[in-house]
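If you read the protein sequences in the order shown, they are chains A and B.
Under my numbering, the first residue of the first sequence is numbered 229, with each subsequent residue one higher.
Under my numbering, the first residue of the second sequence is numbered 229, with each subsequent residue one higher.
Do not rely on the hints blindly, as some may be mistaken.
As the list makes no split between identical chains, a pair holds if one copy fits it or if it spans any two.
[As the list claims (entries may be wrong)] Using 30 Å as the maximum straight-line C-alpha spacing, the simulated DSSO-like pairs for lysine-lysine come out as follows:
hint: 1; residue 1: K564; residue 2: K233
hint: 2; residue 1: K584; residue 2: K436
hint: 3; residue 1: K308; residue 2: K564
hint: 4; residue 1: K444; residue 2: K308
hint: 5; residue 1: K444; residue 2: K233
hint: 6; residue 1: K444; residue 2: K318
Since the hints were made in silico from the structure, they are not lab data.
Please read all numbers here as calculations on a predicted model, not as lab measurements.
2 protein chains.
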Amino acid sequence: MAVDKAADYANYFCTYSFLYHQKEMLSDRVRMDAYHNAVFQNKHHFAGKTVLDVGTGSGILAIWSAQAGARKVYAVEATKMSEHARALVKANNLENVVQVIEGSIEDISLPEKGWFFLVFFLDVIISEWMGYFLLRESMFDSVICARDRWLKPTGVMYPSHARMWMAPIRSGLVDHKKDDFDGAMHDWNGFVEDTKTYYGVDMSVLTKSFAEEQRKYYQQTSLWQNLHPQQVIGTAAVVKEIDCSTASVADIVEVRSNFASTITSDNTRLCGFGGWFDVHFRGSKDDPAQQEVELTTAPSVHDSTHWGQQVFFLHPPIRASEGDNLSLSFTMTRSKENHRLMEVELGCQIKCSSGKLLPPFNKKFYIE
Amino acid sequence: MAVDKAADYANYFCTYSFLYHQKEMLSDRVRMDAYHNAVFQNKHHFAGKTVLDVGTGSGILAIWSAQAGARKVYAVEATKMSEHARALVKANNLENVVQVIEGSIEDISLPEKGWFFLVFFLDVIISEWMGYFLLRESMFDSVICARDRWLKPTGVMYPSHARMWMAPIRSGLVDHKKDDFDGAMHDWNGFVEDTKTYYGVDMSVLTKSFAEEQRKYYQQTSLWQNLHPQQVIGTAAVVKEIDCSTASVADIVEVRSNFASTITSDNTRLCGFGGWFDVHFRGSKDDPAQQEVELTTAPSVHDSTHWGQQVFFLHPPIRASEGDNLSLSFTMTRSKENHRLMEVELGCQIKCSSGKLLPPFNKKFYIE
Ligand SMILES: Nc1ncnc2c1ncn2[C@@H]1O[C@H](CSCC[C@H](N)C(=O)O)[C@@H](O)[C@H]1O
Ligand SMILES: Nc1ncnc2c1ncn2[C@@H]1O[C@H](CSCC[C@H](N)C(=O)O)[C@@H](O)[C@H]1O
């Protein structure tokens with residue numbers, strides 16, 4: 229897909245050019261601990277090695293890589309944040325090891341690459357590329373691009389594996405979203421009446437389009453939520469597994485999956501589904517981690533992350549009971565207007581514990 | 229200036245493609261009454277005439293023009309809102325008069341134009357092009373473009389005149405913005421300490437840049453406010469006058485002005501300045517309005533608009549008293565990154581009623 233760079237900057241990169249936003253990520257302790265442990269408990273992957281940090285932001289992962297003993301770290305950042313990263317590298321006395329390069333991975337060339345040099349010279353690619361529900365932002369494309377251009381066949385990916393998860397949930401918010409939608413339509417109807425009365429124009433022909441627009445906004449757009457584990461009312465299922473060393477863009481551009489879940493709470497409401505991800509730092513087959521590290525964004529009381537979970541609500545919610553079996557079909561594609569946003573189709577068939585089959589349904593969602 | 233169209237769509241047009249946003253404008257009674265009165269109290273400008281609505285949105289102004297008797301109305305809209313406008317025109321039985329054209333004014337050609345036709349054939353250009361503080365959005369450029377391409381020398385502009393206003397104000401919000409800024413810096417300092425302690429990286433080199441970023445956000449970015457008239461503590465001054473029939477882009481691309489204001493409240497705080505605008509519908513010199521109409525966005529108790537006022541705060545506020553004289557120099561230019569946003573420089577010299585001169589100061593602001 230041809231991507232307009234200026235629009236992509238306005239829609240996407242722009243946010244990352246603010247220290248405020250970088251600080252939010254840098255203040256996520258779960259995220260920070262995972263990457264910190266992954267690097268410092270596996271120094272053998274870094275000591276004396278050549279490392280690339282894809283999307284270095286403030287430079288944090290590049291700096292850690294250097295502190296763990298890397299010979300050379302390339303820290304590539306698309307936005308002007310690169311200037312702050314450079315200042316940070318210098319202030320931490322690592323300018324001899326870390327080289328900050330401003331530009332997008334797709335466009336730049338690394339200094340060591342060239343006809344007379346080894347083409348695949350990187351030992352490690354480290355990157356924090358995960359968006360909401362893993363793939364929002366489509367940044368893993370850029371990591372794949374870097375990997376295929378420069379990583380040694382024996383090189384190691386940080387993280388090395390990633391998974392998408394989903395589980396049935398309950399949430400009172402579903403009722404609020406219904407109220408919001410109803411309120412918006414109530415407003416609209418008053419507006420149509422007023423416009424006819426005061427300004428002589430009949431707007432009622434637009435009511436259906438307005439309802440569609442508002443339904444999309446209030447009911448079909450997935451929401452950021454920090455779910456409590458008790459809101460999960462059934463078994464969680466893996467929707468997608470990614471091996472970061474081998475996955476291609478074709479593997480992630482569209483995610484299709486069938487999975488099942490069993491309701492584990494009694495007499496409850498199935499209000500929708502929560503989606504989250506985890507990533508693992510396991511090194512590579514030839515060069516495994518000494519200490520495997522996991523970063524999970526699953527619902528948690530004490531270890532929640534800035535990613536939270538993405539919630540897809542069902543309108544209306546459905547009564548559910550322990551033992552009900554859900555068969556789900558999941559399709560996630562990229563939005564035509566913006567390849568960093570997603571569209572989801574969720575098909576669901578419920579077989580009640582009583583044996584009764586509920587009518588199957590299909591819902592469309594937007595991850596904005 | 230070369231404008232990237234896709235970025236301009238993402239930054240600007242996109243919002244207008246939502247009925248929700250059009251409805252906000254259509255629910256602004258002050259705005260609606262002004263345009264409605266302007267059209268229907270001056271039907272002689274419309275009856276049997278050829279009209280262009282620049283940026284028709286939902287189509288409302290085009291529909292009114294047709295209802296007032298226009299022979300033909302071209303309704304041009306850059307976004308997909310054009311489809312809703314077309315449906316609305318049809319539902320109101322005006323499809324023989326109003327022709328909706330999707331595209332930006334700069335790119336389209338009007339059906340009547342061509343080698344064998346009159347080039348300047350429009351009798352009226354109507355448009356609601358005003359952004360915050362009048363010129364934000366830079367949409368008047370598009371109106372000028374249409375006027376210079378198609379309006380008859382005897383044609384009429386709706387509105388015909390526009391003015392920018394400023395006045396000294398008081399507002400408790402200035403203290404909140406100071407607190408927000410202080411709070412953000414307090415957070416940052418804790419963050420720097422934690423990052424050093426837990427993750428071995430010294431971020432203090434970025435403190436200055438973070439403070440600049442936050443100061444810009446909390447203290448230098450003008451705010452939307454619905455000011456109470458009592459918050460205005462001095463005489464309001466006209467900053468800029470625009471004759472819509474003759475103004476060129478060069479006249480508005482940069483606004484430079486010197487003006488004065490006298491404090492009219494006793495023992496008060498000068499917290500900053502409020503900026504607003506008004507427009508007038510006076511017809512043209514040769515073909516004046518039968519009934520002149522004004523649309524003002526000045527601070528008001530009962531007639532406030534969705535434009536509110538733009539507020540530029542002074543940090544810290546200054547004590548002021550009745551009779552103090554303010555000499556102001558004002559410069560507004562377009563942001564280099566986005567020609568629809570503005571940068572303001574405000575110079576101020578205060579001569580107290582006692583005769584004492586306070587040290588002059590100069591402040592930079594952003595209209596985002
Ligand atoms: N194709 C690309 N090329 C270069 N930088 C990219 C990129 N895609 C995303 N980025 C950058 O990658 C960063 C992702 S956020 C992670 C920042 C940092 N590594 C940290 O862990 O704190 C953003 O700063 C974004 O601007
Ligand atoms: N250059 C351009 N060409 C066509 N449409 C434009 C334009 N610049 C702005 N617009 C459109 O102008 C509209 C301005 S808002 C006003 C809408 C409508 N006339 C009303 O009064 O309610 C938006 O819908 C925007 O998309």
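Tested hints:
1. In this assembly of identical chains, the alpha carbons of K564 and K233 lie at most 30 Å apart whether taken from the same copy (15 Å) or from different copies (17 Å).
2. Proximity of K584 to K436 under the C-alpha cut-off of 30 Å is found in neither arrangement, the shortest distances being 35 Å within a copy and 65 Å between copies.
3. For the homomeric pair K308 and K564, the shortest alpha-carbon distances inside one copy (28 Å) and between copies (15 Å) are both at most 30 Å.
4. Taking identical chains as interchangeable, the C-alpha atoms of K444 and K308 lie at most 30 Å apart only when they sit on different chains, with a minimum of 17 Å there against 34 Å within one chain.
5. For the homomeric pair K444 and K233, the shortest alpha-carbon distances inside one copy (27 Å) and between copies (26 Å) are both at most 30 Å.
6. Taking the shortest alpha-carbon separations for K444 and K318, only the inter-copy value of 26 Å comes in at or below 30 Å, while the best intra-copy value is 47 Å.
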